[in-house]
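Quick one: dock chain against chain with the hints and give me the complex.
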Amino acid sequence: MRLFKKKYKIYSDEELMSFFIKGDRKAFEQIYERYGNYMVNYFNSKLWQDREKAEDFTQELFSKIIDRPAMFDTTKKFKTWLFTIASNMCKNEYKRVEIRKNHRNDLPIGFEARDTTELQDKKVDKNTFSDSLQFELSQLNDKHKDVFVLRHFDGLSIKEIAEVLEINAGTVKSRLHHVTKTLASKLAMYRKIIA
Amino acid sequence: MKVEHIIKTKHYFELTAEELAEVSNYASTEMEFDEMKSFLMSTEQTVNSQKISSTPELDDKVLNYLNQSYTQVVPWYNSVLLFLFPRDKQFFKYPAFQLGIASLLVLGVFNLVNFSSFNEAKIAFEDVQKIKTKEQLRIEVVEKLKQNEAEIKQMLIESELVDDEIETRPSEFAKEKHLIQDELALGKDNSSLFKDNTFSSFYGLSDDVAEEVEDLYYEELPVVEYDKKMDDDLIELEDNSEDLIEAEYESVAVVNVAQSVSVPPMQLSRKDMDSEALGNKKLERAKSIAVSESKFKSIESIKAIKQVSIQSTPELFQLFFEVK
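From first to last, the protein sequence lines are chains A and B. Numbering that gives the first Met the number 0 applies: residue 0 is where the first sequence begins, and numbers increase by one. Numbering that gives the first Met the number 0 applies: residue 0 is where the second sequence begins, and numbers increase by one.
Incorrect hints may appear among the rest.
[Said to hold, decoys possible] Below 20 Å or equal to it, Euclidean Cα-Cα: the simulated EDC-like pairs (lysine to aspartate or glutamate) are:
| hint | chain 1 | residue 1 | chain 2 | residue 2 |
| --- | --- | --- | --- | --- |
| 1 | A | K144 | B | E43 |
| 2 | B | K1 | A | E159 |
| 3 | A | K75 | A | D130 |
| 4 | A | K185 | B | E31 |
| 5 | B | K60 | A | E159 |
| 6 | A | K25 | A | D12 |
| 7 | B | K60 | A | D55 |
| 8 | A | K180 | B | D58 |
| 9 | B | K50 | A | D130 |
| 10 | A | K144 | A | E159 |
| 11 | A | K172 | B | E43 |
| 12 | A | K180 | B | D33 |
| 13 | A | K172 | A | D153 |
| 14 | A | K180 | B | E283 |
| 15 | A | K144 | A | D49 |
Source of the hints: derived by calculation from the structure; they are not laboratory data.
The following block holds chain B by itself, in its conformation from the complex (with noise of 0.2 Å):
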């Protein structure tokens, strides 16, 4: 307290105007002023001489306890955050702030010099080569579908020519009718139409069920003597021929579309292709390709109608909506 202060150190006539109004309310008068002087420094005097120290008894009770209630060890980080934020000097003085800044200007020209450029360089280019897997993506997906399209095309006038043929030479059709129906006799033990990998998993068979299409489609064959009458019926049938193939092509691609879309034939599972219910399902559709087959007597058309289905995968469909 600065009255007590100014009591203890001045005498009263040392006192200035300041002093005197603030000491009014201990001592207005010189001899009260002495009074007080006198008991402050006697009581000042009475203070030091009864000051006691603790006994060494009492701090060894006090820090053992302390021992037995804190033996955690103390953290390594205080001693660490010490070493980096030392209290007796500036901020600017500190090592963490010196390393920060040295961290700073090695990253700061480490970046200038090489980092940028080269991520801007790496992430255009990478860029630029998905735009272009795309694009190409999507040409090629157009090529597909233009070279689809060129040979239904030629299909349809390789069909063409088949059927002026036929009408220009009947009865050298009809020989190659049996010529046809002699080899497909003879390729009944060899044939791979059926078991053909790519045939059985189009239409999502499996090799026994393949095996029973087979023997339907041989069976479903009419062998018939030559006769004339047959030319006519031939060259009647023929006349058609057009109008049915583009039917059943059409019907085999809409199967083959619902059947991409649905349930992808790749996918099936050797359990699913032994259930009855599919299995019979597959043989239905088989049996009435059979009998489309063996109903044109044209293994070119059929073959050509097998092509464009083949050709046609479910990814092939769905990038052709996909570009639509």
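If we strip away everything but chain A, and leave its shape as in the complex, we get (with noise of 0.2 Å):
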């Protein structure tokens, strides 16, 4: 059966998706085994370097395709697709945390449900530039920062994140332009260290 036996790795994310859809099982495994550790990352990057909640967010991802794989439209790109149900999910959390952190009535005035308060080391450890940048994009507001991470820490395209944000790649263009002048000006400290 070695004649008839199909190299998957050849086949695009899209016909990947088709040949799924069909009940090619083996299809799912490829897609799985190009995006599980991107999704990992970018779960890592947008929950608060959470790695467990990423984890399980990624599970969770997986087995949504798994279940509708017929959601997906294979006359689009996968990765946009994956990424704006990633995305979503992302915020779904936020939104989640968000009511959490409100409708705590048990704890007192001035407390929150996520200790924002910052302790002695990490003050010596935000000497390092990784850690300034992360603190930086924690200021940030979501719109910049999706942008950021999407770019520099996910590679998409400018078209590939103006389609998972669903905004036009102007916009991207100049938000990303924004973001990175600001950060690159904040971080310039650093510039002598890294050179």
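Structural data, given as structure tokens:
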């Protein structure tokens, strides 16, 4: 049967999904191989570096695809579809956390569900570029942060970001330019160290 | 993105005029350019260092869920289609394409050499056969009609001859009359005239009805002593016989036509035959025939009429009308 063995690696994401819709389980395994790590990193970066949560979200995402593969339109790009679902899941999580934070009546006034106070060791770690970057990113609004993360952490193109966030490419360029300039100026002190 | 790539890979003094124009949005001076370069490279390093891999537990969870949900077997034709249409080859190297061309060549050669000519000849032969059959049928019908016409003419001529004979030899004919009566009387027990299948089936009679008709036939025959006056009566009767025969023939023929068109006698069921109304109707008709036969006292003439009637089958009449 080697003669008829399918080489799944040569197929595009969209073709693999069309195979999977027809019942080809191996096609999904190939898709997971391509995007499993990708999505864990995406969720990890979007959900406060919480690796456990990121894995749970990744499992939930792929379970959704297994349950309803026909939801994917094979004429569209799979990657952007996948990131759109992931982005929506993150938004839902943000809302859920926000709601939970606002409805914790048992907490005294002035206390929050998530501890935002900066610990001493964190202040020391902030001396590194990566921690500073994470801190500065957390200070940005979601619109700019999403564009930056999708571009630099997930490697999406301007067009793909526009499709995922359902905005036009010009807006993406504008936001990306703004956030890059802002972060570059704020983290300029690390220039000599890196160089 | 092209701008990011330029900033990461080049120094400021290496930039061309076009590249300078492209990066001007991000860095207008060399210091800004270096600042941006440093930021982008640091970000790239940070992202690479922070990358994590999915744990084996996560992989197992996802694939187990897949196995639970998808027990469906992969259709065999996916593999066959892949074999027939491989993606990494040009279309003329597809096995499906090559097989198609080969089969077209084989079929084309086969059709050119044998099959096409054979088919044409066969179709032409069948057409000729059909035309011939139709034409033959037409000819047969016309021949049958001509034959019937000739037989009728012959019968009329014979009838005229009988008339002439009666005129010339009335006394001998009177004697023949007795002989005929005797013959009929003798043949009563052995007669097969009414029990004849052709006769009974033609008139749509059952065996019982046929027997009844036979009895009536013989009852109606006048058994009288020979008298001289009978010869005169006979001559007078025979003078009008031709007209009467023709009239009777026409009436019988018309009845036959009506019967053949409406209900073919051969198609009557036993139940129909046994029904009282139908039986009575046929009995009435049989009676009239028997009376007319006894009236003419000419067995030959009656037989001639019957012959004509029997030959006038429903199929023949139908064909006759078609030809007309």
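Hints and how they fare:
1. A:K144 to B:E43: Answer holds: K144 (chain A) to E43 (chain B) is near 16 Å, not above 20 Å.
2. B:K1 to A:E159: holds, 15 Å
3. A:K75 to A:D130: violated, 37 Å
4. A:K185 to B:E31: holds, 12 Å
5. B:K60 to A:E159: With Cα atoms ~29 Å apart, K60 (chain B) and E159 (chain A) exceed 20 Å; violated.
6. A:K25 to A:D12: holds, 13 Å
7. B:K60 to A:D55: Answer holds: K60 (chain B) to D55 (chain A) is near 10 Å, not above 20 Å.
8. A:K180 to B:D58: Distance of about 39 Å is beyond 20 Å: violated.
9. B:K50 to A:D130: holds, 14 Å
10. A:K144 to A:E159: Given pair K144 (chain A), E159 (chain A) holds - Cα atoms ~16 Å apart, limit 20 Å.
11. A:K172 to B:E43: Measuring from Cα to Cα gives roughly 19 Å; hence the hint holds.
12. A:K180 to B:D33: holds, 12 Å
13. A:K172 to A:D153: holds, 16 Å
14. A:K180 to B:E283: violated, 124 Å
15. A:K144 to A:D49: Holds - the C-alpha atoms of D49 (chain A) and K144 (chain A) are around 17 Å apart, at most 20 Å.
Hint compliance for this structure: hints 3, 5, 8 and 14 are broken, all remaining hints hold.
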